[in-house]
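Undergrad: Sequence:
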Amino acid sequence: MRKSRHVHEKAPAKETGASDKYIRRKPTAIAWIVPRSVPRILIFGILLCLAVTNTVIPMQHIKAQAATGKHTQQKVTLNFVGDILLASRIQELINAEGPMAPWIGVKDTLQSADFTIGNLECAVGSTGSPMPGKQYTFRAPPETLQGLKDAGVDIVSLANNHTRDFGVDCLLETIGNVKTFGVTPVGAGQDEIAARAPVILEKNGIKVGLLATSMVIPVQEWAAAGDKPGLAVDYSLWNHNIVSRLQGLRTQVDFTVVYLHWGEERATAPEDWVLQMESILREAGADIIVGTHPHVLRGFRFDGKALTAHSLGNFIFTTRPEIPACQIGAVLSITLSKTAIEDVTVLPTKILWGKTVMLEDKEREDVLAMLNNLSQPFNTDISDSGKVLERAFPDVLNHWARLDIAKLARKNIVEGFKDGSFLPDKPVTRAEFVTTLARVISGKPDLDSTDFEGLDPGEFCLCEESHWAFPYVAYLAHLSILPHYDPQWIPDEFCPREEVCTLLWRTATTNTDTGTTGNGNGITGTERPKHHDELEPLEGQNRTAVLWCIEQALLQGYDDGTLRLNNSITRAEAAAIILRLVNLGW
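With positions in the sequence shown counted from 1, the corresponding number in the working numbering is that position plus 6.
Beta-carbon label-pair distances, calculated as ranges:
hint, residue 1, residue 2, range
1, Ser132, Glu289, 39 to 49 Å
2, Ser343, Glu289, 18 to 28 Å
3, Ser427, Asn101, 51 to 61 Å
4, Cys467, Ser391, 38 to 48 Å
List of simulated lysine to any residue pairs, SDA-like, C-alpha gap at most 25 Å:
hint, residue 1, residue 2
5, Lys361, Asn101
6, Lys311, Gln382
7, Lys155, Asn167
8, Lys140, Pro327
9, Lys344, Asp309
10, Lys417, Leu353
11, Lys344, Gly591
12, Lys432, Arg503
13, Lys113, Arg370
14, Lys113, Ala331
15, Lys113, Lys368
16, Lys113, Pro148
17, Lys417, Lys450
18, Lys311, Gln80
To be clear, the hints were calculated from the coordinates, so they are not data collected in a lab. The C-beta atom is built at its ideal place from N, Cα and C for all residues, glycine as well.
Turn these sequences into a full structure, and let the hints guide you.
TA: What follows is the structure, encoded as structure tokens:
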């Protein structure tokens, strides 16, 4: 079940009229889209004034019910989707099969998040007439919104190149209809202040500020200006209004989201001006940037702190069969804690005869592989499971363990060297492996003496207190995962794979609250796994530990069937094994 939510918004001001006359002009990428009769230097001056004006902007505030429970971790989940069209053939489908027909295959995914946000790319109403000379104009009847609401969409951006297809009165009708169905609009309003106003999402004390804007409109008159109704519009790199709004919002929330309409249609590579605007927004404090309008998927940029989805493609839309890429989209699922982006997962979708479904098996794998390729220029990897991961170290670009290393680096469990490298194939020392393991168990990147209070200094002598890894070694000794004394245990020597197994087994069978060791979860050590004859010499706890690691798939053999237990474990192998331990619940 979804969490209940309440919407609080300022009462709208009295609506003002506006001329419904338009100037037909072909949109351009960076150029200002303004009437030719208006000097551009004048427009630039006006917008520069707007950028520095300290205006108090009313906000819509959506607050979800907080999670409860003593051990509940405070997080919020967001789902983002791309372009949503309820008119044209989608409307015909709804008329024939009901408002949920386009959504039935994705509703469970959408409803699983605390908040779901999409781009509503059509007018919704009955007033007005199509814009003269515009090739595509879309308007859907209000009842089509029922499916959007029931599917789990909470917020829709109206800042795009179709919501004013049927004039300003129909735009205002669209805003009203969206609200009537319990969905929150953003990016359009009865005046400029309302159109540019952000929405604040809140759950578990975590506040997320959402701004929506369009950089693609047919004519200048579509933009809200002063008391005139319209859209939130920001033109390419010359307009700094979005930057000032973002900086103001940044001080009021934990995370900022910019949801914008940009780029060229059906182009999978972001244009130079899009990349420049992305850089400006990230520098101004945008934590999450989500793009729409290209109608195809584009790559991701994630550095562990800020995320850009350059385009999420079509979600619910009329598609052209001769362009298969326009049938593919995605749900972008993001989990936030109070201070960090904890998880980013992309879930591919496909439109089949107007009905959107979640992709599975090979189709899903193919889309994720394509997205991974598209994300490579941005130092970002997409895993086979859809995880969006930053590439933390340049020397792991094509390494088999690059995704494991990135996941642990984000949590500060593993670190690189001063020159920025990771050296994945370098052997790990005992001190390095113990440090990584201690960080997983404690949940902290740094430890001090308070983490191993009660450890008798007279009995502990695995390493000198001056050693950089002393707190981590002492911590594991305090938990009885390491012995207090072993003259053969030298911290700066390489760590054998057999010893890694023993440490992992003792971690799993030790009560970290009492420091007592269990019996190995019932494993007797008498089993004889296939293809691992080198286990024969092992006895007692070492044998049990290795068998347990094999059973739990923590330790995996080489292609020739050997374990090479006496070999030193590499930094990449250590990262992979530690991540498997984390996935077991640590």
